[in-house]
Amino acid sequence: MIEIGKLNRLKVMREVPFGVYLDGGEAGGILLPKREVPEGCRIGDRLQVFVYLDSDDFLVASTRKPKAMVGEFASLKVTDVNKVGAFLDWGMPKELFLPFGEQLRPLKPGDWCAVYLYIDNTDRIAASAKTDRFLEKNPTDLEVGQLVELLILRRTDLGFPVIIDHRYQGLLHHQDLFRDVGPGQKLTGFIKQVTPEGKIDVMLDKPGYARVDPLAQKILDYLEANDGLCPLGDKSDPDAIRDTFGVSKKAYKMALGSLMKAGRIKQDEQGVHLL
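Letter 186 of the sequence shown, counting from 1, is numbered 186 in UniProt numbering, and no numbers are missing.
None of these hints come from the bench; they were simulated from the model.
In this text, a Cβ means the ideal position worked out from N, Cα and C, and glycines have one as well.
Be a bit skeptical, because a hint or two may be false.
Have a look at the derived ranges for each label pair, beta carbon to beta carbon [unchecked claim]:
1. ASP243 <-> GLY71: 45 to 51 Å
2. THR63 <-> TRP112: 35 to 41 Å
3. ALA262 <-> GLU143: 21 to 27 Å
4. ASN82 <-> GLU143: 43 to 49 Å
5. ASP141 <-> THR79: 46 to 52 Å
6. ALA262 <-> THR79: 42 to 48 Å
7. GLY29 <-> ASN138: 14 to 20 Å
8. MET13 <-> LEU135: 26 to 32 Å
9. ARG46 <-> GLY71: 37 to 43 Å
Below, in silico cross-link-like pairs of lysine to any residue (SDA-like), each with a Cα-Cα straight-line distance of 20 Å or less [as the list claims (entries may be wrong)]:
10. LYS218 <-> THR244
11. LYS34 <-> ASP56
12. LYS266 <-> MET254
13. LYS253 <-> LEU223
14. LYS249 <-> LYS261
15. LYS65 <-> ARG46
16. LYS11 <-> THR63
17. LYS192 <-> LEU215
18. LYS67 <-> LYS192
19. LYS235 <-> LYS266
20. LYS65 <-> VAL81
21. LYS266 <-> TYR222
22. LYS67 <-> LYS77
23. LYS206 <-> ASP234
24. LYS250 <-> TYR222
25. LYS11 <-> GLU39
26. LYS94 <-> ARG105
27. LYS94 <-> PRO109
28. LYS67 <-> LEU53
29. LYS67 <-> LYS186
30. LYS186 <-> LYS235
31. LYS253 <-> GLU224
32. LYS192 <-> GLN169
33. LYS199 <-> VAL148
34. LYS186 <-> PHE134
35. LYS192 <-> ASN226
36. LYS67 <-> LYS83
37. LYS11 <-> SER55
38. LYS235 <-> LYS253
39. LYS6 <-> ASN82
40. LYS186 <-> ALA225
All chains, please: the whole structure from these sequences, using the hints.
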């Protein structure tokens with residue numbers, strides 16, 4: 001059985017001038033357009049493809065991977081709005097439909113919207129901004145310190161509500177933030193706590209890591225953006241340090257010391273390395 005809106009591994013049945021047909025089992029042959037057929041593809045090969053309905057409601061395969069698949073949450077950009085609903089860019093030729101009945105607020109082209117992808121009653125892939133009803137409520141499988149995927153939903157007075165592993169909703173508190181984040185951003189994070197009531201708090205750094213001041217975080221951000229290496233150590237030229245980080249050599253050395261003590265970096269003759 002193929003799964004619409006998800007990745008499927010299907011066998012090449014036959015070639016045609018406009019592509020190849022893949023074995024969709026009971027669904028019959030599914031076209032993979034010629035422009036997406038891998039070079040050297042032969043009959044009998046198995047290809048991993050995304051299956052969806054085209055503009056004429058025929059099953060079609062693609063070697064592209066969309067920004068989100070059925071059963072997942074994502075923040076997607078609105079490309080058009082008409083009398084039946086909104087349309088979202090999800091990285092596929094046919095845009096994703098978001099019906100008016102599944103919207104929380106009026107949308108216009110250029111807006112970003114957090115949605116859940118599902119199969120509607122006509123077997124089409126659709127989106128819903130009413131994400132709450134697709135979330136699980138009993139997070140018994142989460143543990144403190146567990147690595148998870150996060151989708152930032154929006155900003156509130158307490159922090160940023162997030163979707164955790166496409167299953168639960170949690171909260172990233174302002175007090176646990178030491179870098180800029182924004183709605184729609186996908187990040188990895190860690191479970192901070194799960195309350196008896198089932199509420200989940202998350203952090204971007206593993207619980208137990210020492211919190212770092214803004215300069216130390218700036219150094220970490222530099223390292224992450226430069227393959228984990230910064231050539232400026234605690235013996236480097238003060239002017240080079242000021243040009244790069246805008247601080248004195250003394251302040252820079254203090255920040256390096258705190259990061260080394262926390263086990264986040266090490267130094268050698270090449271400079272500073274991210275651990």
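Against the structure, the hints come out as follows:
For the pair ASP243 and GLY71, the supplied restraint of 45 to 51 Å holds, since their beta-carbon distance comes to about 48 Å. Between THR63 and TRP112 the beta carbon distance is about 27 Å. The supplied range of 35 to 41 Å is therefore violated. For the pair ALA262 and GLU143, the beta carbons lie near 22 Å from each other, so the given range of 21 to 27 Å is met. The hinted window of 43 to 49 Å between ASN82 and GLU143 holds, with their beta carbons roughly 46 Å apart.
For ASP141 paired with THR79, a C-beta distance near 37 Å fails the hint of 46 to 52 Å. Take ALA262 and THR79: their Cβ atoms lie about 44 Å apart, and the range 42 to 48 Å holds. With their beta carbons about 42 Å apart, GLY29 and ASN138 fall outside the hinted range of 14 to 20 Å. In this structure, MET13 and LEU135 break the distance hint of 26 to 32 Å, their C-beta atoms being roughly 39 Å apart.
With their beta carbons about 23 Å apart, ARG46 and GLY71 fall outside the hinted range of 37 to 43 Å. Between LYS218 and THR244 the CA atoms are separated by roughly 10 Å; this keeps the pair inside 20 Å, and the hint holds. In summary, the hint linking LYS34 to ASP56 is supported, as the alpha carbons are separated by about 18 Å, within the 20 Å threshold. With a C-alpha separation of about 14 Å, the suggested pair LYS266 and MET254 falls inside the 20 Å cut-off, and the hint holds.
The straight-line distance between the Cα atoms of LYS253 and LEU223 is roughly 16 Å, inside the 20 Å bound, and the hint therefore holds. For the suggested pair LYS249 and LYS261, the alpha carbons sit about 18 Å apart, so the restraint of at most 20 Å is met. A C-alpha spacing of about 17 Å is found between LYS65 and ARG46, which places the hinted pair at or below 20 Å, so the restraint holds. Proximity of LYS11 to THR63 is assessed by CA-CA distance (about 13 Å); at most 20 Å being required, the pair is judged to hold.
Of the supplied pair hints, the one linking LYS192 and LEU215 is violated, its CA atoms being roughly 24 Å apart against a limit of 20 Å. This hinted pair does not check out: LYS67 and LYS192 have alpha carbons roughly 28 Å apart, beyond 20 Å. Taking the CA atoms of LYS235 and LYS266, the gap is about 14 Å. The hint holds against a cut of 20 Å. Between LYS65 and VAL81 the CA atoms are separated by roughly 24 Å; this puts the pair beyond 20 Å, and the hint is violated.
Restraint check for LYS266 and TYR222: the C-alpha separation of about 14 Å stays at or below 20 Å, so the hint holds. Restraint check: the Cα-Cα separation between LYS67 and LYS77 comes to about 11 Å, which is no more than 20 Å; the hinted pair holds. Distance check on the hinted pair: LYS206 and ASP234 sit about 26 Å apart at the alpha-carbon level, beyond 20 Å; violated. For the hint linking LYS250 to TYR222, the alpha-carbon distance of about 18 Å falls within 20 Å, and the restraint holds.
Only pairs whose Cα atoms come within 20 Å are accepted, and LYS11 paired with GLU39 is accepted, the gap being roughly 15 Å. Taking the CA atoms of LYS94 and ARG105, the gap is about 23 Å. The hint is violated against a cut of 20 Å. With a C-alpha separation of about 16 Å, the suggested pair LYS94 and PRO109 falls inside the 20 Å cut-off, and the hint holds. A C-alpha spacing of about 16 Å is found between LYS67 and LEU53, which places the hinted pair at or below 20 Å, so the restraint holds.
Using a Cα cut-off of 20 Å, the hinted pair LYS67 and LYS186 holds, with the two alpha carbons roughly 11 Å apart. Taking the CA atoms of LYS186 and LYS235, the gap is near 37 Å; set against the 20 Å cutoff, the hint is violated. The straight-line distance between the Cα atoms of LYS253 and GLU224 is roughly 19 Å, inside the 20 Å bound, and the hint therefore holds. For the given pair, LYS192 sits about 13 Å from GLN169 by alpha-carbon distance, which is consistent with the 20 Å threshold.
A C-alpha spacing of about 15 Å is found between LYS199 and VAL148, which places the hinted pair at or below 20 Å, so the restraint holds. At roughly 19 Å between alpha-carbon atoms, LYS186 and PHE134 fall within 20 Å of each other, so this suggested pair holds. Simply put, LYS192 and ASN226 have alpha-carbon atoms about 28 Å apart, too far for the 20 Å limit, and the pair is violated. Restraint check for LYS67 and LYS83: the C-alpha separation of about 25 Å exceeds 20 Å, so the hint is violated.
Taking the CA atoms of LYS11 and SER55, the gap is about 24 Å. The hint is violated against a cut of 20 Å. At most 20 Å may separate the alpha-carbon atoms for a hinted pair to count; LYS235 and LYS253 meet this at roughly 9 Å. A hinted pair counts as satisfied when its Cα atoms are at most 20 Å apart, and LYS6 with ASN82 does not qualify at roughly 27 Å. The straight-line distance between the Cα atoms of LYS186 and ALA225 is roughly 17 Å, inside the 20 Å bound, and the hint therefore holds.
Figure legend: structure checked against the earlier numbered hints; hints not met, in rising order: 2, 5, 7, 8, 9, 17, 18, 20, 23, 26, 30, 35, 36, 37 and 39.
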